[in-house]
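Kindly generate the complete structure, drawing on both the sequences and the hints.
In order, the protein sequences belong to chains R and Y. Numbering follows numbering that gives the first Met the number 0, in which position 41 of the first sequence is assigned residue number 40; successive positions increment by one, without gaps. Numbering follows numbering that gives the first Met the number 0, in which position 126 of the second sequence is assigned residue number 125; successive positions increment by one, without gaps.
Take these hints with a grain of salt, some might be off.
One side of the interface only, derived from the structure: several residues of chain R facing chain Y at Cβ under 7 Å [stated by the list, open to error]:
1) 5
2) 7
3) 9
4) 11
5) 82
Reference listing, derived: stretches of chain Y covered by chain R, where coverage requires no fewer than 3 residues with Cβ under 8 Å from a Cβ of chain R [what the hints assert, rightly or not]:
6) 94-102
7) 195-209
8) 291-302
Bear in mind the hints are in silico, worked out from the structure with no lab data behind them. Here a beta-carbon is modelled for each residue, glycine too, at the ideal position from N, C-alpha and C.
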Amino acid sequence: MSLLEYQYFPVTRPGKGAGGKTGSWRVFKPVVNYNKCIGCKACFMFCPESTIIPSDGKVRVDYEYCKGCGVCANVCPVKAIEMVSET
Amino acid sequence: MIRKIISGNEAVALAVKLARVGVTGIYPITPQTTIIEKLAEMKASGEINTEIVRVESEHSAMAATFGAALAGIRSFTATASQGLLYMHEMIWWVAGSRTPVVMVVGTRAVGAPWNIWNEHTDFTSERDSGWLMAFASNPQEALDLTLQAFRISEDERVFLPMMVGMDGFILSHTKTNVIIPDQEDVDEYLPPRRQPYVIDPEDPVGMGNIFPPEEYMKLRQSIDLSIKNSEDVIRELGMEYNKKLNVLGDYSTLNVTYKLDDADYAVVVMGAWAGDTMEAIDKLRERGVKIGMLRIRYLRPWSEKEIRDALKDKKAVLVLDRSISMGRGGPLYVEIKSTISDIVPSIKGVVSGLGGVSVSKSDLLYLFEKFLQGIREDVLWYYPKEVGKIELRTPRDIE
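Here's what the structure looks like:
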């Protein structure tokens with residue numbers, strides 16, 4: 000074994016983590032209608048999982064972590080987010 | 000380089016001074032107390048500018064030392080017996096985080112019942128924690144091994160903490176002639192500290208947080224490999240130490256042999272009673288008995304190759320233990336047996352000197368003669384003096 004190939008250290012970089020991923024059990028997913036979205040970021044403020052990511056004045060959803068709770072769709076003042084069935 | 004009559008504890012304190020240690024977490028426990036007393040004295044007189052952190056327990060002493068080490072500062076602590084046991088949790092945190100830290104253990108019996116005298120059980124019971132473990136046999140070696148411990152633990156092939164054992168009272172409080180190296184030579188031998196990762200606001204990292212099963216096992220294997228690989232590092236750095244700082248002894252090997260090359264019989268020991276063992280061996284050699292000694296200086300890494308080379312073609316081996324792994328004999332006996340059982344026909348163990356029981360040269364001589372005649376038991380509990388029978392008590396009914 001070459002020098003230092005065996006060295007491994009218990010250090011992690013800050014990241015999203017593997018534990019919070021949603022998996023396959025979500026029933027509804029939020030879909031943003033970009034024609035309606037005004038970029039007010041209310042959904043971003045209220046999302047309990049921090050899966051709404053503001054980008055270019057609008058928002059997009061991180062589906063890997065989104066649990067499909069529907070809070071974003073409820074707080075959207077212009078009804079730009081629709082909960083779509085995944086089943 | 001100066002010569003001084005000092006105790007083992009003072010020798011260790013001087014080594015800490017020479018190594019330019021930045022932070023020392025201190026809590027007093029017999030027989031280690033005088034190390035930190037000496038350090039505090041040197042701090043008060045301005046001889047050193049080590050930050051001395053006074054804490055409320057040994058657990059905190061190791062935690063403070065660990066924290067300083069994580070911040071990238073060379074740090075040191077010392078302990079013994081119950082204190083070492085109280086540190087036990089932090090000892091694993093330090094080893095598991097692969098942070099170089101140096102600790103000196105003035106070995107002592109572990110209660111209950113209360114006993115402050117010399118024994119090795121506290122030291123050997125930390126065997127599996129992932130620390131490198133060296134054991135000194137005189138104050139000079141305590142100083143040398145402590146200095147080397149900083150260099151070895153901070154080597155990029157190792158990056159593990161290291162503890163140096165020293166017989167409580169026998170070495171810690173007995174004054175002998177010790178050669179103290181010059182500061183310039185030590186500075187040349189000990190480069191500034193390096194470590195794999197530090198606390199740094201510019202580059203934040205998570206340390207020792209939760210690890211999933213496979214990653215955890217990978218880390219454990221990495222520590223295991225690191226300990227195995229440290230064997231060559233210790234030899235290499237030992238040779239460098241011989242050249243730059245040392246005028247007595249030889250640190251180019253992990254373990255030390257005495258009159259072993261032509262011997263038929265071998266005695267394996269660790270720690271201060273190696274001195275008496277050598278004298279007893281000289282006596283037997285005068286009578287024409289071919290007997291030699293192997294002194295274990297490093298319990299971890301365990302140099303299987305060196306030990307097998309030293310003990311091959313011996314007729315019988317006797318292992319002296321000043322500690323006991325309950326139900327299995329001494330830890331050293333168990334280790335030696337697992338290492339050489341296929342090449343040595345007879346391996347016997349002796350457990351003695353527990354809790355400060357005094358084992359003199361004549362006791363050792365008697366023991367070796369008994370061994371040459373053939374001991375029946377695999378592990379013999381040897382009491383130098385006549386002791387009364389253990390008093391048996393029948394359990395009392397509780398109403």
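> Which hint numbers doesn't this structure obey?
Replying inline: Per hint list: 5, 8 violated.
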